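Chemist: For reference, the chains in residue letters:
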Amino acid sequence: MANTPSPSTDQLTPDRSAPWLEPRGLYVHVPFCAHHCGYCDFAVTVGQDHLIETYLEALALEIDRTEVTTPVDTIFIGGGTPTLLSPDQLGRLAGMIRRHFPTRPNLEFSIESTPESITADKVAVLADHGLNRFSLGVQSFQGHTLRVLERQHSGDQVTPAVEIIRRRVPNFSMDFIFGAPGQTITDWEHDLKRAIALGSSHISTYGLTYEKGTPLWKQRESGDVIALGETDELALYTMSHELLGSAGFEHYEISNFAKPDHRCQHNEKYWANEAYHGVGVGAVRYVGGRREHNKRNTKDYIRVVFSGESPTFQQEELSPFERARETLAVQLRRSDGVSRQAFLHQTGHSLKSIVQHRLAPMIEAGLVTDENECVSLTFAGKCVADGLVSKVVWG
Amino acid sequence: MPAPSHIRNFSIIAHIDHGKSTLADQFLLQTNTITKRDYRAQLLDGMDLERERGITIQMHPVTIYHTKDGEKYELNLIDTPGHVDFGYEVSRSLAACEGAILLVDAFQGVQAQTVANAYLAIENDLTIVPVLNKIDMPTARPEAVTAEMETAVGVNAEDVLRASAKSGVGVLEILDAIIDRVPCPPGDPKAPLKALIYNSHFDTFKGVVIYIRVMEGSVKIGQKIKLMRGNTDHVVMEIGQFRPTMVPCQELTTGQVGFLTAQVKNIQDVHIGDTVTDAVNPTETALPGYKVPQAMVYSGLYPVDNEEFEDLREALTKLRLNDSSFSFVPEVSDGLGFGFRCGFLGMLHREIIGQRLERDCELDLVHTAPNVTFQILTRSGETIMVHSPQDVVDGGQIEEFREPIVRINFLLPSKNIGDIMSMAAERRGEYIKTEYLSPERAIITYELPLAEVIYDLYDKLKSVTHGYGTMEYELKEYRPADLVRLDVLVHQKRVDALSVIVHRSTAERRGRKLIQKLRKEIDRHLFDIALQAAIGSRIIARETITGMKKDVTAKCYGGDITRKRKLWAKQAEGKKRMKQVGQVEISQEAFMSVLESDD
Chain E
1 MANTPSPSTD
11 QLTPDRSAPW
21 LEPRGLYVHV
31 PFCAHHCGYC
41 DFAVTVGQDH
51 LIETYLEALA
61 LEIDRTEVTT
71 PVDTIFIGGG
81 TPTLLSPDQL
91 GRLAGMIRRH
101 FPTRPNLEFS
111 IESTPESITA
121 DKVAVLADHG
131 LNRFSLGVQS
141 FQGHTLRVLE
151 RQHSGDQVTP
161 AVEIIRRRVP
171 NFSMDFIFGA
181 PGQTITDWEH
191 DLKRAIALGS
201 SHISTYGLTY
211 EKGTPLWKQR
221 ESGDVIALGE
231 TDELALYTMS
241 HELLGSAGFE
251 HYEISNFAKP
261 DHRCQHNEKY
271 WANEAYHGVG
281 VGAVRYVGGR
291 REHNKRNTKD
301 YIRVVFSGES
311 PTFQQEELSP
321 FERARETLAV
331 QLRRSDGVSR
341 QAFLHQTGHS
351 LKSIVQHRLA
361 PMIEAGLVTD
371 ENECVSLTFA
381 GKCVADGLVS
391 KVVWG
Chain S
396 MPAPSHIRNF
406 SIIAHIDHGK
416 STLADQFLLQ
426 TNTITKRDYR
436 AQLLDGMDLE
446 RERGITIQMH
456 PVTIYHTKDG
466 EKYELNLIDT
476 PGHVDFGYEV
486 SRSLAACEGA
496 ILLVDAFQGV
506 QAQTVANAYL
516 AIENDLTIVP
526 VLNKIDMPTA
536 RPEAVTAEME
546 TAVGVNAEDV
556 LRASAKSGVG
566 VLEILDAIID
576 RVPCPPGDPK
586 APLKALIYNS
596 HFDTFKGVVI
606 YIRVMEGSVK
616 IGQKIKLMRG
626 NTDHVVMEIG
636 QFRPTMVPCQ
646 ELTTGQVGFL
656 TAQVKNIQDV
666 HIGDTVTDAV
676 NPTETALPGY
686 KVPQAMVYSG
696 LYPVDNEEFE
706 DLREALTKLR
716 LNDSSFSFVP
726 EVSDGLGFGF
736 RCGFLGMLHR
746 EIIGQRLERD
756 CELDLVHTAP
766 NVTFQILTRS
776 GETIMVHSPQ
786 DVVDGGQIEE
796 FREPIVRINF
806 LLPSKNIGDI
816 MSMAAERRGE
826 YIKTEYLSPE
836 RAIITYELPL
846 AEVIYDLYDK
856 LKSVTHGYGT
866 MEYELKEYRP
876 ADLVRLDVLV
886 HQKRVDALSV
896 IVHRSTAERR
906 GRKLIQKLRK
916 EIDRHLFDIA
926 LQAAIGSRII
936 ARETITGMKK
946 DVTAKCYGGD
956 ITRKRKLWAK
966 QAEGKKRMKQ
976 VGQVEISQEA
986 FMSVLESDD
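If you read the protein sequences in the order shown, they are chains E and S. In this text, residue positions in the first sequence follow our numbering: the first is 1, and each later residue adds one. In this text, residue positions in the second sequence follow our numbering: the first is 396, and each later residue adds one.
FYI, nobody ran anything at the bench for these hints, they're computed from the structure. Be aware that one or more of the hints could be misleading.
[As the list claims (entries may be wrong)] Below, a list of computed lysine-lysine pairs in the DSS-like style, where the Cα atoms sit at most 27 Å apart:
hint, chain 1, residue 1, chain 2, residue 2
1, S, K970, S, K908
2, E, K212, S, K959
3, S, K944, S, K971
4, E, K218, S, K965
5, S, K944, E, K218
6, E, K212, S, K944
7, S, K950, S, K915
8, S, K857, S, K561
9, E, K352, S, K961
10, E, K212, S, K965
11, S, K855, S, K915
12, E, K212, S, K970
13, S, K855, S, K912
14, S, K888, S, K915
15, S, K660, S, K619
16, S, K888, S, K871
17, S, K871, E, K352
18, E, K352, S, K959
19, E, K193, S, K944
20, S, K971, E, K352
21, S, K970, S, K959
22, S, K660, E, K218
23, S, K950, E, K218
24, E, K218, S, K959
25, S, K888, E, K352
26, E, K212, S, K950
Fair warning: this is a prediction, and the values are worked out from it, not measured in the lab.
So here's chain S without its partners, still in its complex pose (with noise of 0.2 Å):
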């Protein structure tokens, strides 16, 4: 059992691409806390997804043990993920920690998001150890670089540490610095135990495996426990460290990290930032915990198959065991029967999610189109919190219509500074400022109703500084603006899962392009099928899908009845894949169409 003085706890903060897994990865193969054998790279990547993407959204927690001067520590890496989706995992996994890596590409520089996650760590008090990673590749500016971290975070150029992950180049230098510079965890081991639940995931055979740091006091197998929010007591079964799998343990005690189990069969109990106590000699004061995540972003997410409706439920379920940060209320759409409402932290977030749903849960989805909260100011003085386009009511009832306006930092080579504020005008942005990290690099500060953001603003900052430019916004405020719903009709029938809210100003664009992107997705029917776009009644554009005009194949004879008859039974099994509105059947790929960004 190591004191508190020899142990240390830490995260990455990195940009996505920057090393971190990498970086992890040699951590463990150094320390031996994991053989050449099985090593595997990205290897605390847990999700399929992630390792498949070659991105870290979160990595897993791991204990390793780092000899220095003779002495052993302890040292507990808890990562933070690193995009703009998931700052709220940020900040509850630096609660757990008293130091931070700040892992910067000593080619690709400082990234707006690592200085929005290095602003957030400094806040938490936590030591922050700078590092430049690829130091080998030849590209390398290490003291440009320097420069920007001393500019944009106030590091001392002295202090950063040079490394090479790929290579393992200063990797147990890093280690030192950590044991030198991160203070010990703090906190009495003689106390009533006071531990942070900082993550937590399902297991079928364990129930919930709640992820814990000790903050005062330490628990023991069987000890009785208390979950501070719910007030609900349990039994401990099992307590763990992960090295890098789950090793079982006798005790954890002040400023350690690891898991525990104790039988609890419903996720709900287990709140992220809640406070784990002794159920019979109590803490007298909870931890601050965190503030509740607010999801941006809103889509339907509709099973292909009504009847797989219970299966969606129950995937989504399962998947929020794993992912508080998201929300899912039931809705039902005309054209798309049953499905649910979810809230999203931000569209990598949306996408993840779904992917896993029909990777993992193998469904047949349709994703309505993404949109953030609006607000409505009815006439009789009713605030309403739009979550779906179909929650705008009728115009006339409307007194003011609201939209979510965040702060947006873009960090960008400064050539593309007139780029950017081409772009951001055409969103209606309003300027800010302007800082510039080095005559080559700047932050430009916009603020941008989200709903520009989420629509393709990513995409575009991502090909106009050819991948160099980076963001990060939060949310400011609600704005009145002039927007309308804008309506799809198929066939003279709408499609309320087509719907979106835009603003006046671009809406006969957007609904151009969105009936034209529609046209080239639906397939021909057996008679014409008109495309409308609409805003209340007044329809803005139109496009004609032309019927099949000849469809028959001539014979039909003894033999050729039973291929025919399969034939038709497959192509009708293909239809059914679909989705019908009306007497039109729209495939998913044509929904999807209608989120993709303008060229």
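Chain E on its own, in the form it takes in the complex (with noise of 0.2 Å):
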């Protein structure tokens, strides 16, 4: 076997408190939303806002039930549109989270939102709570990308929408869509912009995908709607490298960009494949080696997590081998890449027995360097990221 590293020097003995075994982040999954959004494939859940209370007493028990051996530094709440609860029912979930969850100095604490739904009241408790960062989904602030998106709000919206946030909460990022159909660069352009004049420390720019089943893709299908072509795209996110660039925002993962010390810490460790804990419908959670997906169906959830049972329906706990391999293409994603050292001492694998001979056609099509024994993927990598990822750590 040729992928099978020799259990020499490459080997070290794993350390059960490390950050990729032991988690330091919680990430909170709020399903609830207004609307389906023709591309969203997240778990969430529409016109079932009776059940808030519900899943609240069910997030208590899950949450109740989960061990913690260390304290957190990230807490993430996610959704679906966790701010479409109201004052109330957000100050009893901050409130149950931060009483069971103790937490870490400099502990970073977000929450997902759309402009539509928020108030002050709303930033007040969560603030109160020690919430510190917002992330704000705009997604354009073009009329006619915002319906193609079936986003309920306008561009409009956001500015109000900031104002508020900020009297609390000075930190927040933003997140965009690119290329949906009929987006041209100058729209991109103009939403790039605003949100730099806005004050945003973050910006997450995701290029459209079309998943499997939802009504966009339908529509794609069917031929109602136009994908973008590659070289289309290819400009919209080379305009969003250069000019988010240019305004001091270090484009640290492949869709992410963040002022000096403002990146979401919270997501890194995804992209470090480190430990977290994860409550609520379609949650994952990452402790010890072993990853678990909830249930994604939130009446499931709520049956299950009443039962007494666990509302885990997958998980999988990878050979050591194949973690590493996992880490390296999770860890690439970042503009920070891969050091070899601390590679090795995460994972047990050096990142050559991985990578074999395949970086040097990488470094040479200039896609990836590797200098002072570290590897990352330059701008053209990060524009194929995924075919690269896949040769480079699959072969």
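From these two lone chains plus the hints, build me the complex, please.
Modeler: Listed below in structure tokens is the structure:
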């Protein structure tokens, strides 16, 4: 077996308290949305707001049953639209989290939200519980793009929402989608410039993906919408890289840009393949090298949790070598890249034992750099990261 | 035990589609050799491939019984293959017979290969029983086709039988004619055993099953026999006849056809054409045997997964047990790793072997472009046989580059003579002669480089004559020609498996076509890929496959990681089925595209 590394100097004994085994982050999922956007394939629940109270009870049960061995330094409430909840409900949610999970100094506590669901009361109650970062799902400022994506807000609602947030929580991020049908490079330039002007410390730009089974995917299949071509997508992506770069943002992950010291530390755990807790419907947790997925249907989730069982419906525990491969694959998404030393320490396998001789041609093609014992993707490499990662890591 | 006077041995010479298998089926049915219940179409076509393609390369032998004038006769049908690639097989089957049915489609008429095989039979002193088949078809033209048979093969019109194998009309009359016209087998039943090995196959339990025709004497179970060529002794374990399954019997005597097993484990000990005799009381002289078949076409076979190299070797060895007419030697290619250079009788033979390997042995193979065997006379006076483009020595060392020339007969509708003449001229053909079988049909003879013939000539002939033209050829000689090796460079790396030897005058056209096809077949990579065709260091054509510019999905959170990991791994798995040439992955289809003919 060419892929099996020798157990000599390439292997180290794992440290059970290491951040990739013992979680220092927490993800909480709130599935409720006012509308199911056409592109979205997350675990979302629409038109079931009457379940919110019961859901919070179930969540409280799951949180109570979660074993905590070390304090966390990041909390991320994602959705769905968590800020669809009332101020009172948000307060209870934040409260149950804070009571159960001890935290470290410099805690990063984020929540996802949408422009139309923000109110001063909600921001206030969250801030009172220590929340210090908002992630605002803007997606676009352009009416025609928002309509294609089936978003429920207009571009004009963003500025008021930002003002409300900023009064209590100065640190906020904005999410955008590029590559929507009909989007032009000028549209995109305006979107990015407005985000910068509004003082966002962090910007995520997600290339639109047509996830199988979503309404947008069906529209593309039937020819009702026409996907942008490769050249156009590339132009948009290049625009983000250049424009945000010159505005002082660091392109620190394939889809993410941050002002200095404003990276999303919670997401960085995913891209480091480190451990995290996950609670709520459809949530994923990664504890002690074992990844578990919760049920994706809200009613199922509630029922199972109330009956005292685990809401997990899928789980996997990879062999050390496969885990090392996965780690390499996700770490390559970071502009910091992969430090050979840290990689060996984290996975027990040398980077060389995985990539063998497959890096050199990528370096030659200008897609990868390998300097100071650290391997990372160039911008051209980021553009083709999927094919590249598959090739380099799996051969 | 029938006396030789009540035995007849015959084969059927027919063109593909002229109804050979159907006629054989009727022989079995009408003589009650098999029941209607056991019947399935093309019963004697052993290989799945044959039944599937509806063509017969070679049928199983069969023994049938037919009663005429109150006397029971044993008739043995030993088949001949009908395709141009298998002339060698024909000669060895004919040597076991005294007669041959010349079966011709009453509409399509005489075909080139039929003529060639009929002459082979006549040269072997076989009695020809001419039969017009499909006479009940509304389009049948029995008078015209009978006239063609007279002109082309020299049979007498009054001897031509008329039959319809499909409806069963005239079938028993054919058997009667065989008994009447074909001489009974000669030979002294009292003489020491002398039997011809005309075929064999390998059986996991019994060892080699040896197909024999007893020429003199007889053979019994328990007898100690000698295979004369290798001078090896064996004890007969089993004797039998094909009826049509293998049915055991006690003895085979002079004139009879059947099989024997003698626990021969190594097929290399059994040579087709060899003589079996009694170990204790051997015959004095062996039978003349056959000329060794000459491989006409060579190509490389490589496992897609290099770890299957030994499996491929084993599969090739097994195939060779039942087909001694192909050969293989290991070779190494920069791009393809370890594989074998295989010699075949022709393109159909090559295709069949490839399909059997892929199907029966479940191997994924890359077939390199086929080539003929060239000769190079070096400056130092040495003659090198070139089986592979890799064997071509440096240009400076070549005194003379020679290629095989075949004498080829096209039998075709007269109205297509002009088309064939243009085709042959484009392929450096030299005109020899034209003969008219009738005002509508002619045989036109050329001398052509074999390389041009295997490249695309057969397909072209079929297309210009709408399927009515046929061809047949034999090697004539080697002649000097202005040949060059055309190389293909993928991303600056020469892919040795894609090199071809071509005439200089066609090199540029071939090179351009070749890389245009490749361009369509190679997937985009992460970088630009240059495709070049070159003669020596001179680039004669170039194409570029532009690299992927954008291939990244945006999100990668908790649950996405699992999904993405599986996708990545799957993508990589798919690529592993391809061949890695430098940094470029090339699929088997890409290699195959090089072989397809021009449009």
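Chemist: Give a verdict on every hint.
Modeler: Hints, verified against the model:
{"no.": "1", "hint": "K970/S / K908/S", "verdict": "holds (26 Å)"}
{"no.": "2", "hint": "K212/E / K959/S", "verdict": "holds (14 Å)"}
{"no.": "3", "hint": "K944/S / K971/S", "verdict": "holds (22 Å)"}
{"no.": "4", "hint": "K218/E / K965/S", "verdict": "holds (24 Å)"}
{"no.": "5", "hint": "K944/S / K218/E", "verdict": "holds (26 Å)"}
{"no.": "6", "hint": "K212/E / K944/S", "verdict": "holds (23 Å)"}
{"no.": "7", "hint": "K950/S / K915/S", "verdict": "violated (32 Å)"}
{"no.": "8", "hint": "K857/S / K561/S", "verdict": "holds (25 Å)"}
{"no.": "9", "hint": "K352/E / K961/S", "verdict": "holds (22 Å)"}
{"no.": "10", "hint": "K212/E / K965/S", "verdict": "holds (17 Å)"}
{"no.": "11", "hint": "K855/S / K915/S", "verdict": "holds (23 Å)"}
{"no.": "12", "hint": "K212/E / K970/S", "verdict": "holds (23 Å)"}
{"no.": "13", "hint": "K855/S / K912/S", "verdict": "holds (19 Å)"}
{"no.": "14", "hint": "K888/S / K915/S", "verdict": "holds (18 Å)"}
{"no.": "15", "hint": "K660/S / K619/S", "verdict": "holds (16 Å)"}
{"no.": "16", "hint": "K888/S / K871/S", "verdict": "violated (38 Å)"}
{"no.": "17", "hint": "K871/S / K352/E", "verdict": "violated (59 Å)"}
{"no.": "18", "hint": "K352/E / K959/S", "verdict": "holds (22 Å)"}
{"no.": "19", "hint": "K193/E / K944/S", "verdict": "holds (25 Å)"}
{"no.": "20", "hint": "K971/S / K352/E", "verdict": "holds (20 Å)"}
{"no.": "21", "hint": "K970/S / K959/S", "verdict": "holds (17 Å)"}
{"no.": "22", "hint": "K660/S / K218/E", "verdict": "violated (63 Å)"}
{"no.": "23", "hint": "K950/S / K218/E", "verdict": "holds (20 Å)"}
{"no.": "24", "hint": "K218/E / K959/S", "verdict": "holds (22 Å)"}
{"no.": "25", "hint": "K888/S / K352/E", "verdict": "holds (25 Å)"}
{"no.": "26", "hint": "K212/E / K950/S", "verdict": "holds (15 Å)"}
In terms of the numbered hints stated before, the structure departs from hints 7, 16, 17 and 22, listed from lowest to highest.
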